[in-house]
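Protein chains: 4
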Amino acid sequence: MEVYIRKVAYHETDKMAITHHSNYIKWLEEARVFLLEKIGTPFEEIERRGIASPVVGINIQYKKTTTFGDVVEIHTKVKKYNGVKLELEYEIINQATGELAASASSSHCFIKDEGLCSLKKADPEIHDKLQAAIDAEEK
Amino acid sequence: MEVYIRKVAYHETDKMAITHHSNYIKWLEEARVFLLEKIGTPFEEIERRGIASPVVGINIQYKKTTTFGDVVEIHTKVKKYNGVKLELEYEIINQATGELAASASSSHCFIKDEGLCSLKKADPEIHDKLQAAIDAEEK
Amino acid sequence: MEVYIRKVAYHETDKMAITHHSNYIKWLEEARVFLLEKIGTPFEEIERRGIASPVVGINIQYKKTTTFGDVVEIHTKVKKYNGVKLELEYEIINQATGELAASASSSHCFIKDEGLCSLKKADPEIHDKLQAAIDAEEK
Amino acid sequence: MEVYIRKVAYHETDKMAITHHSNYIKWLEEARVFLLEKIGTPFEEIERRGIASPVVGINIQYKKTTTFGDVVEIHTKVKKYNGVKLELEYEIINQATGELAASASSSHCFIKDEGLCSLKKADPEIHDKLQAAIDAEEK
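Protein chains in written order, with my numbering: chain L, 1 to 139; chain G, 1 to 139; chain E, 1 to 139; chain A, 1 to 139.
Derived by calculation from the structure, the hints in this document are not laboratory data.
From the three backbone atoms N, C-alpha and C, an ideal C-beta is built for every residue, glycine too.
Hints may be right or wrong, so weigh each one.
Computed from the model, here is a short list of chain G residues facing chain A with C-beta under 10 Å [to be verified]:
{"id": "1", "residue": "6"}
{"id": "2", "residue": "12"}
{"id": "3", "residue": "13"}
{"id": "4", "residue": "17"}
{"id": "5", "residue": "21"}
{"id": "6", "residue": "22"}
{"id": "7", "residue": "43"}
{"id": "8", "residue": "67"}
{"id": "9", "residue": "71"}
{"id": "10", "residue": "75"}
{"id": "11", "residue": "81"}
{"id": "12", "residue": "125"}
{"id": "13", "residue": "126"}
{"id": "14", "residue": "127"}
Pulled out of the complex, with its shape left as it was, chain L reads as follows (with noise of 0.2 Å):
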């Protein structure tokens, strides 16, 4: 579990005064970006690699809104890994008040010259780490 700590901007804010739901999915990605440079597999890395990990499938509940100035901590954590797929789950809370502001999970594949691969065989190096992340983060 990583947690990654972000302050609302003005800009991410709508006319209801409250942040617009979309940049949640964009604190999503921070959030998961976030994650693989901890677990020592950084985005930046598994690009120059030649992967690229597009996201297949969202899932978002809001809860309660937040707005500018608010704190969010985005905990996320890796709910399956089999190589080919990777799913992970999200909670976004709102510091001040400790309240679940929104629960999310997302997919992931894994592609390599233009094709879906399975990163297990496309970059071992790469799925040994996260596997191993993985597998710690279990215990």
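Go by the hints and put chains G, E and A onto chain L.
Using the frame of chain L, we list chains G, E and A on its own:
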């Protein structure tokens, strides 16, 4: 079913040279606004009457990428409406290829005077129009 | 002079209940893309030919606020073009009131093979079309 | 002079594989918010007191591109303040290279009760703090 048509902007792409996935969430909102206008209950009017309708959940599956210059059709319909909760379904089609780029659903509640409300009670006129549009659709 | 027409989206507003000022920068880009298409040198085509045209500067003056649902007209014209640098001028008009919402200018260079280039030399065909459109405009 | 530090997010890139230029406009806002907080007049507090401070103009020159994963430092200072108008200057530096990525300025007015106001008269307390911070800076 209403069809909202939109061209992918350059600023909506990311370094994978595809539309960044967070923009689809904005497109769903644009398609919702378009639908509400078409059925005679424009969102501007709903807001003027003191009612907000925040997003409580989104589920989206990305099927095929799109990119700058692509024209997308967003087919939107009401999946469920009971006066208290509204659920919409969307299909995002790449107009040139006819391929399904993404399918999604969103759910919404209604807020008046800072609390949850039944649109049926809070604003029967809007409720009736919405209900009539849904009934007409189903025939 | 080309006129690009656009409706302000809900997701473009901020907590002041007006269009967030950063979105106007995106609109300028959309208006540029529209202009280039209209004069027969679509940006997609320019990029396909290996030429990029990044923004090197923007100046914008915000005159009147706009908000969700407003329709804006963006009047765009080439202010200066010499084969190496391109300058555009924009007026953003609120269609309902006729008021000037913002005036802006942007300047652009041309890049080929990762270095600055003269479009006149790098791609005479695109250059000639662009020049002809500017000449026609000035008559 | 305050220095706001920020990492470029993946969602801020475009298909040229660089940070999309519109995001710099958002960063300027984040740097302003950071500056105001540092000098003891947080924007949240200004807004709570019924004062808005919209952007009336922006001038930005893009010097060097940045991209996903780059860390940028935004050096911000008050260029001019006379109680009625506020002008800020910014330098966006790529932290790893020390290169100037962009330089910019923004100007702002003050609004109370939906009309232009002098901050000096409308809220002497905020004005005095802002003035003191500027005076301290100049020494």
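Hint by hint, here is what the structure shows:
Given the 10 Å rule on beta carbons, the hint for residue 6(G) is violated: about 18 Å separates it from the nearest Cβ of chain A. At about 8 Å, the closest approach between the beta carbon of residue 12(G) and any beta carbon in chain A falls short of 10 Å, and the interface hint on this residue holds. For the restraint placing residue 13(G) at the interface with chain A, the shortest Cβ-Cβ distance is roughly 4 Å, inside the 10 Å limit, so the hint holds. The beta carbon of residue 17(G) is positioned within 10 Å of a beta carbon in chain A (closest approach about 4 Å), and the interface hint is therefore held.
Hint status for residue 21(G) relative to chain A: holds, with the closest Cβ pair at about 9 Å, below 10 Å. The criterion of a C-beta within 10 Å of any C-beta in chain A is met by residue 22(G), whose closest approach is roughly 6 Å, and the hint holds. For the restraint placing residue 43(G) at the interface with chain A, the shortest Cβ-Cβ distance is roughly 23 Å, beyond the 10 Å limit, so the hint is violated. Because the beta carbon of residue 67(G) sits about 7 Å from the nearest beta carbon in chain A, less than 10 Å, this interface hint is met.
Restraint check, residue 71(G) versus chain A: the minimum CB separation of about 17 Å is more than 10 Å; hint violated. This hint is violated: residue 75(G) has a C-beta 26 Å from the nearest C-beta of chain A, more than the 10 Å allowed. Below 10 Å, beta-carbon pairs count as interface contacts, and residue 81(G) has none with chain A, the closest being about 32 Å; its hint is therefore violated. Hint on residue 125(G) is violated. Least Cβ distance to chain A is approximately 30 Å, over the 10 Å limit.
Evaluation of the residue 126(G) hint against chain A yields a violated restraint, the C-beta minimum of about 28 Å exceeding 10 Å. Contact between residue 127(G) and chain A, as hinted, is not supported at the beta carbon level, the nearest pair being about 33 Å apart and thus beyond 10 Å.
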